[in-house]
Structure formats: C-alpha cells, structure tokens
Amino acid sequence: MSAGLLGIEELDRAEIEAILARAKDFQPIQSQTVKKLDTLRGKMIVNLFYEASTRTRTSFEIAAKRLGADAVSITASGSSVSKGESLVDTLNTLAAMRPDAIVMRHAASGAPHFLARHLPTPIINAGDGTHEHPTQALLDARTILDRRTRLEGLRVAIIGDIAHSRVARSNVHLLSKFGVEIVLCGPASLLPVELAQLAPGVRLTTDIREAISDADVIMMLRVQLERQHEAAFPASEYFRFYGLRLEHLDLAKPDAIVMHPGPINRGRELSSEVADFQRSVILNQVENGIAVRMAVLEKVIG
Amino acid sequence: MSIVIKNGRVIDPASQTDRVADVLIVDGRVAGVAPNLSSPKAEVFDATGMIVAPGFIDMHVHLREPGFEHAETIESGSRAAAAGGFTSVCCMPNTKPVNDSATVTSYIVERARRKAVVNVFPIGAITKGSAGEELAAIGAMKEAGAVAISDDGLPVMSARVMRRAMEFARSYDLPIIQHCEDLNLSAGGDMHEGANSVRWGLRGIPAAAEDVMAARDLLLAELTGARYHIAHVSTRNAVAMVDYARKRGLPVSCEATPHHFALSDQDMAPYDSNYKMKPPLRSVRDRAAVVEAIAAGAVSAIATDHAPHPGSEKMQEFERCPFGIIGLETAIALSLQELVHTGKITLNRLVELFTTGPESVMRLGRGTLATGALGDVTVFSTELTWTYDVNQSHSRSRNSPFDGKTFRGGPVATVVGGEMVWRRG
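Taken in order, these protein sequences are the chains called W and H. Read in my numbering, the first sequence has 89 at position 89, and its numbers run on one by one without any break. Read in my numbering, the second sequence has 321 at position 321, and its numbers run on one by one without any break.
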C-alpha cells in the first residue's frame, strides 16, 4: 500500500497544517495570468469517477494541470464498469499503466481503502459513499482560515443529512483535531446518536436555532431527499425546519460565515437570500478547492 | 475393522464419563470405554494428554452443493469439518436449487454417502425456494432424510406463514430453525448498527432487527408448541428472550457461533469483508451477553455457520460482498480460547455444547460414547499451539478473519464410524 490520501481521520494535525499552509502558497497562482507550474511535470494522474461529479472532478483536473501534470478523467458510464468488470480488476488494469496517482470517487464507502490494500498506486479519495471526502474538509478549513486566524476555539454548526454525509464526517475529523466545538444538526432520523462518538468535541441537536447560536461557521449540507433509501424525513417540511434563512443568521456570531459544499439547492437547504448573502463563502470554497488539491497532489506525488 | 484410542481423558457428558481411559471401536460402534483395552488387529492412536470426546456435531453449515460448487462441495466441506474435529454436520438448504423437495434432499444424502468423509444431515427449506410464501414439501423431505427445516439467510417474514410452518414442523416432529432478522429493519445494512457503522459510513443492521423476529417467533412457538431454534444468536435481548421462554418450559433453544462470542464490531478491520456476516459482529455488550448466556446454560449448541464464498466475491466493495465466513476449522480453538481458557465454562460443558447440546435439538442419534453408540470420536488438545493458515484450508474458500492467528488448543484427530478420517499432520 502506498501513501495516498484516504481520509482525514488518519491524518495528524501537523500533516493537515502542512497541506493547508502549502495550499495558501498556491492561492495567488489562481489569479495569475499564467497559472501553470512545472512541479509535477511528467507525472500522470488518473481521475476515476464512479459517481457523477462536476466540481470535484474538474477541480482535481485543473489542480493537476496547474502543477504541470497530465490528467486523464474516466467516468463510470462508458468505461469497462458497464461491461461488468470488477472494481479491483479495473484498478489493476489502470495501475498497470503506471499512473503516479489515482483520484477516485465511488458510491461505496471504503472502496478506496479496499483498493489501497491491493494496489501499488497511491489513491486519493475524492469521496467514498457516506464515509469521507477529505479534500472537501481541507478546502473548508482553508476557507475558514482565510477569515479567521485560527481554528481553535471556533464554533462550527454542520446542518443537514449528517447520516449520509461524507463532507460532514471529514469536517468533523478535521475540526476536532484542532479543538473546534462542533454542533451537528438535522432531523432525528438523519442524526444517529453514535455521531457524538465520531471525534472529541461533537454535540448533536435537532434544533437548527440551537445549532446556529453563537456559531462562527455555518456549514449547510446538500440535501438529496430523492436519493434516500427510505423516507426518513418528510421532504415537504424540510425547509421549514432545517432550511437556513436570513433571520437565522441573527443568532450566530455577527461575523459568522455560511458555507456549502455545493451544488446548492436554493429553497431546499438554504434560502436564495442566504446563498447570495455577503458572508456566504461558497464560491471561495470552490476557488480554494484547486489550491488545496494542488497541495494534496504535490504531497502524494511530489 | 477396529481402532483403539489410548490413554486420553475421555469426556462423555451423555454417560457422565470423565476419566483417563481407552476407547475401543469395533465395526463402527463403540465397544467399550475402559483402561487397558486392546483388540488384536486394532489400529492404535495414542491420545495421551488429549481429550477424547464423542464426535462433535456442527448443526449449522453451508456446503454449497448443489449449485455453488465453486465455493464449496459436500466433499470439500466435509473435509474441512473433519479437520475441525467435527464428525457430523447439518447443511442449510440455500443451495441452487434450494433444498425444498425430497429430490434435492435425496441428492444431498446420496452425494454425501459417496463423497463426504463425515456424516452429513440435510436441513430442508421451510418454504418453496425459501421465498417465504408457500410451504415446502416438509413431510417428503423428512422421509428423504431432512433433520430440520429452516429458511436460513432468508428469514420467514410473514408471521402467518411462520405459524403454519411451525404447526407442520410440530406434526412431523422436526425442529424449525430461524435466522432471526426483520428485513424491514435490517434494510440492506452491511454491519452492526453502532459507532463503527456510523464512523465508516456503512449501513447498519440494528440489534432490534434480530430481537423483533425472535420475540415474534417465541410467541408463535408458544402458540403452536413447535420445537423452535434460533440460529446464530447474537444480541443480548435475543438470548434473554429465548432463555425466558425456555425457563417457562417451551421447547425452544438457540446456538451461538464462535465468531459472535470471539469478536465484536470493535474488532473489525475497516472494510475487510472477512468480517462481514449475518448476523453482523455485534457490540461489545452483546458479545459479552452471548458469552454469559453460554456460561449460564441458555445456549444449547456452538455452531459455526460455516459460509464459504470464493475470493472473487469477497474481493469487492464491502457493501457488494456476500455475507458469511468459514468456520469449521477454527471452532474448537476459538471455543477453548474464549470460553474454557478464560474460565467461563468447564471442559465438560464445552464438550456438551458440541455433542449432547446439538443432539438435543437435532436428534441425530449421536453425541455419546456409550457402549454400542456409533463410533464417532473427536480427539482434541487444550494445549497444542498451532497457527491457522487459511490457504491450507480444506474448504474451497478462504474467507476467514482468523487467518494467521495462533491458537492454544485445537482438534487432533477425527474418527467417523470407527475410521480415522483426519489427523493433525
């Protein structure tokens, strides 16, 4: 097993700090006229996406190219997957082409971890099922740190379908390692009590107002009620109880920021006004995604 | 043809024997248990320092034949049983086709007669195709050799169908064995619902999925008077309920598997499908409750739920991997390690759990070394140090979480009908 990036849980604080610091170095490059470095020239990165994704795949592709690496993207439809090849066979085939890293998204939790045990190629997890999405948590941390001097002592509310959220899990692991006070909030059927054991400093509530009170950061999760296996919550009243509206923001710290991993559903998990709110940093998150993924690719391959 | 097993500590709970003696088997039957036995042409096996017990019975295995011979056959499974110290196994009906007719039952009996090195007893399906709707040909299967009925792996979800099945089982005097899992509650889950399932983002199977069906079935057992048996019990509530029903005089029982009393969900390697089975490895508290239930006498038998799956099927995303692990070859060692060496139960009790216990449920006419009994003998050691190498397994499959584990104690020799079918090399 080669060192890739499978999750935040197994990283230590110093490793996270190093990635975030390096991502800061890469931030100015995003606005230069010539955005290309040659750090990873001659390296080959395969983006293997078994789940639809626009922003994460594009972000990894751009990150690879800005570092001078070559990137190939493969999506599940149109690949050998639809011909019934097993995951491990597909990955073995790709590994035989000697890429320097495989960036992978898969609908099954643990799929990259399973492959990492059997493949020599470093694997970067771009989201596995309902488990982790490590680069999302890293770019979220980078975005918070662009506005706060430190993570320690902050209060972060994460609101939505926590049970099925890989974004929530990765953020919990990351923020907890820095002593952040984390409040997870959602409908009871999407908020299993065991979440409180995920990491130190985690608290649960089903009351959005309580979650937001005195928060420095409000992270809204994308709600995919249509993709739930069962009707765990009445979709018709989701927005009423768990949608973020402008009046909620009065409960938070005066300079609180609103985050969202995207793509947003206006009128479902947050109101249109909140999405366009001046302290909404959703587009900054997207921008930081490239810098953070550059830092991750450099760490894994460089 | 005769064999004498010399100088072992003979433990035969059925005849309340526990002493150093020789066991002489002549023409497939026990001729005597006493010191200094001999017979002119008898093969001699020196069991000094070892335990000599009636042949062990595993009342819950999957031999995969007919239909899934790439995973296991009656022959390979029986060799794994012999190497695990078992002389008799009862095989579940989830083959292809399902053992829901006298034809399939007879096929298994015939294949076993020709290929198996241990005794094989088929368990018939409760419902046709184990689809949970229409009762299978229970009487005809019994005539063909079925010793119990079960839709193992595909629990009977309809209370009405289960009630009718129990009535039939009772009239044919067959035990009815249920894999307790309310499928609406388990809802496609892949592991025990708890801190680790939430941490790893895997869908959970709550303990309540087992408890709800166990409770329903125990009430139906009272209604019908059927001999009802819970397979692979894994939760604290299920063991408590079956014990309550048993103490009230109902003819109900349960079995526990070595993996459920040896491991909890805390012992799982993340996303390693060798830890994926049904019921799932439960919480630390549930595991402790199963151990306590065994110690308290609430569990009748240790059964392996030996469930072979080929490597290709287990080498997938965790949620796509089939449920089940092989267990025949590690059962005695794990039982010694978790129950006897820890002082939870005596060696005598351990032997009961593999002999008179399953015999009381299945009524195979085995499980004793009384003079005249069938000559099935299990010889094992409580001290032997050995390491399990799954690649050397007699099973066709390799799906065990215990690969590479070093044990204190394990099987040494297996005698079926007076013939030594396996001995440690």
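Derived from the structure by calculation, the hints contain no laboratory data. Check the hints yourself; a few may be wrong.
[What the hints assert, rightly or not] Partial selection, computed: residues in chain H whose CB lies under 7 Å from chain W:
| no. | residue |
| --- | --- |
| 1 | V198 |
| 2 | W200 |
| 3 | P206 |
| 4 | D267 |
| 5 | K314 |
| 6 | F318 |
| 7 | E319 |
| 8 | P322 |
| 9 | L384 |
| 10 | W386 |
| 11 | V390 |
Ideal Cβ placement from N, Cα and C applies to all residues, glycine included.
Unmet hints by their number, sorted upward, for this structure: 3, 4, 5, 8, 9, 10 and 11
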